[in-house]
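Asks: For reference, the chains in residue letters:
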Amino acid sequence: MLSFENISNAIHNWLYHSFSPTTALWLEFVLVAVCVISLFSFLGLVLILMERKVSAWMQVRLGPNRVGPKGMFQTVADTLKLIVKESMTPDGADKLLFNLAPFIVMIIAMMLMAPFMFARGFQIWDINIGVLFFTAVSSISVIGILMAGWASNNKYSLLGAMRSGAQIVSYELSAGLSILCIIVLTGSLRISDIIASQENGWWIFKGHIPVIIAFVTFIIAVTAETNRAPFDMAEAESELTAGFHTEYSGMKFALFFLAEYINIFIVCALGATLFLGGWMPLHVGHWQGFNHIMDYIPSSIWFFGKTFFLVFVIMWFRWTFPRLRIDQLLNLEWKYLLPISMVNLLLVTLMAILGWHF
Amino acid sequence: MSFLGKYISNVFGAIRSLWKGMKLTGYYFTHHKEIITQQYPDNKDTLLLPERFRGEVVMPHDENNEHACTGCTACELACPNGTIKIITKFDIAPDGRKKKAIDTFVYHLELCTMCNLCIEACPTDAIKMAQTFEHSVFDRNELTKKLNKPGSRIREGIE
Amino acid sequence: MYRKTEIIKEPTVNDSGDMIINIGPQHPATHGVLHLVITLNGETIKKVEPHLGYIHRSIEKMCESLSYRQFIYVTSRMDYLSSHINNHGCALCVEKGMQIEVPARAQVIRVLMDELTRIASHTLWWGAMAMDVGALTPFFLAFREREMINDIMEETCGARLTMNYMVPGGIMVDLHPTFQRKVKEFIVHFKSKIDEYDDLVTDNIIFKNRTVNVGVISKEDAISYGLTGPPARASGVSCDIRKIYPYEVYRTLQFEEIIETAGDSFARYLVRMKEMRQSLSIIEQLIDNIPEGDFQAKTKAVLKLPKGEFYSRVETARGEFGVYIVSEGGTTPYRIKFRSPGFSTLSALDHMARGSKIGDLVAIMGTLDFVIPDIDR
Amino acid sequence: MTASQIIFYILAVFILSTAVLSVTTRKIFRSAIWLLFSLIGIAGLYFFLQVEFIAAVQIIVYAGGIVVLLIFSIFLTQQSGKEMAKAPIVRTIASLLTVVFGFALTWLLIWQHGFQKINKDFDWSVSAIGTRMMGTGKGGFALPFEAMSMLLLAAMIGCIVIAIKTPSPSTKKDKPNTTT
Amino acid sequence: MERTGGGGMIPLSHLLFVSTALFFIGMYGLFTRRNMITMLMSIELLLNSVNINFVVFNKYLYPEKLDGIFFTIFIIAIAAAEAAVAIAIIINLYRSHQSIDVNDAEDMKY
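Chains as they are written, first to last, in this note's numbering: chain G, 1 to 358; chain Y, 359 to 517; chain L, 518 to 894; chain Z, 895 to 1074; chain W, 1075 to 1184.
All clues stand as given, with none of them false.
Here are the computed lysine-lysine pairs in the DSBU-like style, where the Cα-Cα straight-line distance is at most 35 Å:
#1 LYS443/Y <-> LYS821/L
#2 LYS486/Y <-> LYS613/L
#3 LYS457/Y <-> LYS821/L
#4 LYS817/L <-> LYS486/Y
#5 LYS335/G <-> LYS736/L
#6 LYS699/L <-> LYS378/Y
#7 LYS815/L <-> LYS486/Y
#8 LYS708/L <-> LYS402/Y
#9 LYS364/Y <-> LYS335/G
#10 LYS402/Y <-> LYS710/L
#11 LYS725/L <-> LYS381/Y
#12 LYS391/Y <-> LYS791/L
#13 LYS155/G <-> LYS921/Z
#14 LYS95/G <-> LYS564/L
#15 LYS710/L <-> LYS381/Y
#16 LYS701/L <-> LYS486/Y
#17 LYS791/L <-> LYS364/Y
#18 LYS391/Y <-> LYS701/L
#19 LYS725/L <-> LYS378/Y
#20 LYS708/L <-> LYS381/Y
#21 LYS378/Y <-> LYS701/L
#22 LYS206/G <-> LYS364/Y
#23 LYS564/L <-> LYS155/G
#24 LYS486/Y <-> LYS699/L
#25 LYS458/Y <-> LYS817/L
#26 LYS725/L <-> LYS391/Y
#27 LYS95/G <-> LYS921/Z
#28 LYS578/L <-> LYS504/Y
Distance ranges between label pairs, derived from CB positions:
#29 ILE904/Z <-> LEU39/G: 23 to 29 Å
#30 GLU977/Z <-> TRP14/G: 54 to 60 Å
#31 GLN396/Y <-> SER864/L: 36 to 42 Å
#32 SER864/L <-> ASP1178/W: 43 to 49 Å
#33 LYS1139/W <-> VAL76/G: 53 to 59 Å
Please keep in mind that the hints were generated in silico from the structure rather than gathered at the bench. Computed from a predicted structure; not experimentally measured. C-beta: ideal position from N, C-alpha, C; glycine also.
Just chain G, same shape as in the assembly (with noise of 0.2 Å):
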């Protein structure tokens, strides 16, 4: 069967065979590397248009409607005219940081693709703490937005930066947790570990009300994480006019922009990981004949399915509530999720200890 496990272990084979190891080592990195940049362009693409089809479906619009068939090809416009765009750098600005931001904010993203395990045995880098991995290196995107805000020399910037760099910090405490409920449940914080675990039943199911605690909370506070509405104290449109990418134009304001939606693609396909099975298709108890048909559906789509699910319920949020102001925000973090999540994992522990779930 032609799955993109057997494609990759092909191509791992015949780079080794035909070249010595340190070349072949260094195609893979280029191979790795411009599949990676081009799933981002691609990513980028479709998750904006999805959001601007989101909006409008919910708003009773249309959406894009010219460009392409139903307006498919207009984030490629969009992109297009960015790239053509003059990019401005402001007076007074700290030149290197100014410039050097947007790469590091989408730098950052493009490291966190790589231990997610995009269909069955497609993996970039199977890496013993994956879970780990994510958490830390997510962590340093708020540098990015803080460089961002700093150097622009504008203070609505450094109001946006100084609230992104707040929030991310704090909710990153309720993100870490609910995700260690998951890892105290499997026992192991490899990827490919915590998607073997879901074999009979997605954590989601298995885990009880605990579990699907955690998941809410894993939401709310990858919700914040992103910067994403209601939480998008960092941006606020109408407070802060654009917060920390203010003065930010053409192509580095892409980038951005583009880093916002790989950003969201990621969590979304964490939260898939952990709770919802990554590729793991849905199985029903005994239901035999249901079983194989779901196992005919190919991994990927199970994968890309669920993460295009949860980014859709990150847009609705985004598209229904009203922004918290910034003291609420913490207020929600440090007074309602983080109690609520450390009481849901000392509980999940109780249940991982006498093996209460199925």
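Using the hints, position chains Y, L, Z and W against chain G.
Replies: Just chains Y, L, Z and W, lined up with the frame of chain G:
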């Protein structure tokens, strides 16, 4: 315990209120065929404006190239912005008497606020509002219009 | 324009740690060209200083050179969301001076249009206010309802926003034949949709957190700042001109004056939401009872007000709108002054916003419902 | 040279050059950013040495925690765009000499000692670290772990006590209505 | 895709060169800087060079033990606590002295 109970009911109340809003947007998402926006340049042919819509002042002419304007300047006086300027001349009537008539009815569209006062003031209903609304031009001079067509004359019987 | 040094050397402002930020003249939250110089300590607002003049068109001076028929249309350009009610106030003042008796049909139609305008203004405010606090979908839902009113207006008056439907002595043209049917359709439609508004925004916990206990102004302060309309009624001041100085047919109508006592942003929100329902009930009372008859009183071609001073007031969507005309007996007013509700509301912004966060400032501005050309005539 | 050697030398140059930039630049915000790069480079070195857990902890605590804290304190304490004063030339030369001398001495000692590499599999795993960390028997680190928790708690409380702002009467006066 | 290499081929002395150089770069910063925050940054560099040493010695010389890893973890934890307390002190100092230069903070002497 009352504190804990209040805390939990707070959380659930919040989730319920949020779910209510999400249900509404979810409903609109799944019923996205009913849209409120108009696909403007596409529906240009079918777009119907009400007959009272005030787009621009025009002077209707009949098939004999005749209009109803006597040049009384009532509209010019009624206009708050100086949008209308009437230049009169003296026609020689068939019976040999000199008669006042309009030479040019100058209408400055760029000054007009579509307040309808000129139409109200006109005693002979010579001018009316047209339903056009796309007034943009490349040269500002094009916005200064002459409303009476060349060679037109006043209809018989209108004083 | 302000001189930078002048503001920094303000004695109440500490030199260290304060950030001075310009909100506006071009800013998404000001809905126009308002310029606020705010002094921040971290995120906390220490001072708000509005700077006006970016959209000053000297409407009052302009009106002094226009005749009594002509000047009415200019007032549509002040508070463009309740342009009809502005025109109404001017027409009332001229009629008071000329002692013209307005026909009953014209009175009812005027009030109907007033209430439709009020609903249109409040729906727009609802959408814009929700956008200020960060929700974008309500804006489009609000425009759906507002569009229906605009269509009704367009059909009868000939324009969607600056209707200029009032003339001294009545209204310009008679109602369109489809008017009653369309308004009844609108009533049925709006009654179901206003519940959606409540689902989406009013009951939302985030919205409540953003507005409850934010921008509180007490009853005494509201009176001393000269607040009128919904902001004052949210603080418990009874100030509805339709109730206390009823004009036209308002004295025969059954409606409530909405009064809340909390004085915060949420109270202002609730007052407007309830006012929409009251306006709807007024329309329901009137729509089937439009008397037959003339729609315009017979007036002279050239209006001349007798020598003297005339004042009339109406309740716009934002509060009390007063027209004060000094006449020397000529065809144009000698002096004209408009008392616009937005100006005094803006003066209370500093009092309300001190000590709250930037996000609160935007929410307060949203619930105060500024229309900048109304503030800055 | 093999690929892994090339990667190592690139990492080493990256770590050292950003560290040098961090201590020599005169813009304090840039200094923090260079420090961040140096710390991330060190994390990369740990990844290279295949001690991924330490690398992840390094990134979480240093990049995500300490540098953000430093940047916040920079924002809070000064106009971060301003350049710092140059150190006096005498002090610069003196410290440069000291440092070079010290480095030469240390490096000489290391070079002469000539460590012998032991070719055994270095096997760590998160579960092994966890069991040792909580172990109370021989080779267990439960006591240091508990001491560390006490230290962190004390540090937390200490921070709050030091940084808490005593509300002066003047700041209270101009906030008439802030009940949120 | 499996990773090859992994530091096995790098001589220990090269790794120690990096850590030693890092340590003395940190020392240089500590000597020349008079701004407390930058001094704190230099201290972080010193701690990191020590961490590298611990990890490298553990990996190369005592692979059967995990003590170096533990020391590294504890040092990182202490560094976090130290940075937090130091920054609290610095901010407090800034509030009272309007400066974070060490030369300006010598009131304690008297």
